[in-house]
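So the sequences go chain by chain: A and B. First residue of the first sequence? That's 1 in my numbering, and the numbers climb one at a time after it. First residue of the second sequence? That's 1 in my numbering, and the numbers climb one at a time after it.
Do not rely on the hints blindly, as some may be mistaken.
No farther apart than 25 Å at their CA atoms in a straight line, the calculated lysine to any residue pairs in the SDA-like style are these [claimed, not checked]:
#: 1; chain 1: B; residue 1: K194; chain 2: B; residue 2: M98
#: 2; chain 1: A; residue 1: K28; chain 2: B; residue 2: K194
#: 3; chain 1: A; residue 1: K28; chain 2: B; residue 2: H149
#: 4; chain 1: A; residue 1: K33; chain 2: B; residue 2: P103
#: 5; chain 1: A; residue 1: K33; chain 2: B; residue 2: H149
#: 6; chain 1: A; residue 1: K28; chain 2: B; residue 2: Q81
#: 7; chain 1: A; residue 1: K28; chain 2: B; residue 2: A146
#: 8; chain 1: A; residue 1: K28; chain 2: B; residue 2: Y147
Hints were generated in silico from the structure; no laboratory data involved.
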Amino acid sequence: MAIQSQGFGQSTHAEKRSWFRRNRDLSKFVLAKLGGGVLTLLFVVIFNFFLFRMMPGDPVGLYNRGRNQDPVQLAKLRAALNRPIWDQFVTYMRNPFAETIDSTRFSRPVWGLIGDRLWPTVLLVGTAIVLASIIGVWIGIRAGWTPGGRFDRISTGFTLILYSMPEFWLGLVLLIVFAVGAFGIPGLFPTGGMISPGLSGGSLRGVLDTGWHLALPCLTLTLVYLAEYSLIMRASVVDELGQDYLTTARAKGLLDSDVRRRHAVPNALLPTMTLIFMNLGFVVGGAITVETVYSWPGLGLLSYDAIKGPDIPLLQAAFLLFSFAVIIANVTADLLYAYLDPRVRP
Amino acid sequence: MSLLEIQDLQVTYRGTQGDVPAVRGVDLVVEAGQTLGIAGESGCGKSTLATAVLRLLPRSATVTGQIRLEDQDILAMTWGQVRAVRWAKAAIVFQGAMHGLNPVRRVGEQIGEPIRIHENVESREVSSRVNGLLEQVGLPAARARAYPHQLSGGQRQRVMIAMALACRPQLIIADEPTTALDVMVQAQVLKVLKDLINETGVGLIFISHDLSVLAETCDRVAVMYAGRMVETGPSQTIFTDPLHPYSAALAGAFPRIGDPAFRYAPAGLPGDPPFPGDLPSGCTFHPRCARAIDVCQTSDVELVPLGLGRMAACLRVSEGVL
Ligand SMILES: Nc1ncnc2c1ncn2[C@@H]1O[C@H](COP(=O)(O)OP(=O)(O)O)[C@@H](O)[C@H]1O
Ligand SMILES: [Mg+2]
């Protein structure tokens, strides 16, 4: 008989039917996850409205504090806030992202303000997460594969120290040593900001200059995330070590490195991948402390300034954005887990 | 030349709590196409013996003695040579059927993996061979696309058997392949295994604590206790007419339904097998042995040939013969 099969097996009629059934289960699963996400979003939107209206203080008074605001603006603000609460709620629910009240600190529409700060944060936190996940996972795999070995002892000691260090403190230390200059090291990096005055981000010099400004805050965040990722990855790899399927793989004649790469890592990667994807939600939130230490003009620094006010309209918008980002990242992590782990897949 | 020859194999696990001599001087021979059963309670060193053959023991284990597979000295090989022998010459069906397969890889991929490693063949050929192997163990070829968790325990064990056959090895070591399965499925898997042995003429070491299963499946049986062989011989005679008191207890531990002799002579064995790190003196079986006499506590015992291809390590038995 000629071998006509390409790939494993041919689908019989029954197999095809079960394929359809599986796909129906799959769409059900995806819809359930998405539905859960949407419900959470809705809750957050509603909660966000009431949270900021329950806070004490007079927003108009804050708005006017220490400055002479345009009386027309003030009247408009007062009128907006004096409308009945249900009336305000209906307007808000129609479009939670509408520009209604300006930021009291910056006297600018809040979403425009957030839009300006989004890119620096994505640049900083995004770069750090990508670097940290690559390096952290690599360290975790190597350390976990031979626990108690030299690499493990050194790297685990190092990552544990990093992990237990407050990130703003690490930021300050790096800032003092490498930006201000200490222990005979001259200040190599700028102490803050994202670009030197007079340069535009569009030019090559501007890009290089931004990279130079990015180095220290990004290093700080990378070290912080890396510590977490590598410790979790290491623990997952150690968990797999005694598993029977690894002995099977060795018995088949695989190289030790292939046993690790083809069998242990795909299993151990599951928890770490979930964590990384959940952290992606915080990309948008920025890293409040690190951005503040390095005066990095991102959403973290913006939130810090808004809290100091407090700048309630800005905070309300920022909370909404952060919640959305975290919820979307969570749903993505759930779906990704199901994609990576056949046991979770319907 | 025998397929597998083991001489004076000793395996000791070194640990912080002291050394554990799990295998203490085992000799055995498997001829090509022959099936050898190894019986014994849990903890007597069966799995250690099995994994030593392919040098799969953890680093904490020291191995001495000789293991010759097709006249090649396994213990003298470099790791590269060992890897070339693994699965191509001898494959193992592991005890943990439930966990022996990688949960995130399709079973077809896992069956095909050793073929891809050891033979230089196209992926089309690999998948058609995988399909053939699955059919050989009575599974539809389409199951190649399944993940382990989508299969039942019996199906998974068949996948393990198919995987063991992938590179057409000379020797298969099946370490309690049916232990975790319920009786019906156990019988099915056993039948698959027996048929394949008959068809392919592969040599088999079948490890089990169930002497009746071994009697049914194997040509010869070796009974192991506390890291040593205490009796070897043709499988039927060991089961129906055991010489060593321990074999007798094992044979009686699985009563045959409908056989009145077993009903009136319940052969429950008192106590637990000794921990290899703390073995009794003399014959290691004497604390549990109903026939033990004073010399058994002090005098070491060795396997003594007793005719008809049988050997036993028991003073009471050899004294009766001598
Ligand atoms: N990796 C190990 N380290 C230390 N002791 C072990 C190890 N594996 C097995 N042992 C000990 O060796 C003895 C024999 O174990 P094993 O070969 O698994 O027996 P069996 O397969 O007959 O149940 C047991 O006492 C067990 O506790
Ligand atoms: Mg065992």
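A quick look at each hint next to the structure:
| no. | hint | result |
| --- | --- | --- |
| 1 | K194/B - M98/B | holds (21 Å) |
| 2 | K28/A - K194/B | violated (44 Å) |
| 3 | K28/A - H149/B | holds (20 Å) |
| 4 | K33/A - P103/B | holds (23 Å) |
| 5 | K33/A - H149/B | holds (22 Å) |
| 6 | K28/A - Q81/B | violated (51 Å) |
| 7 | K28/A - A146/B | holds (21 Å) |
| 8 | K28/A - Y147/B | holds (21 Å) |
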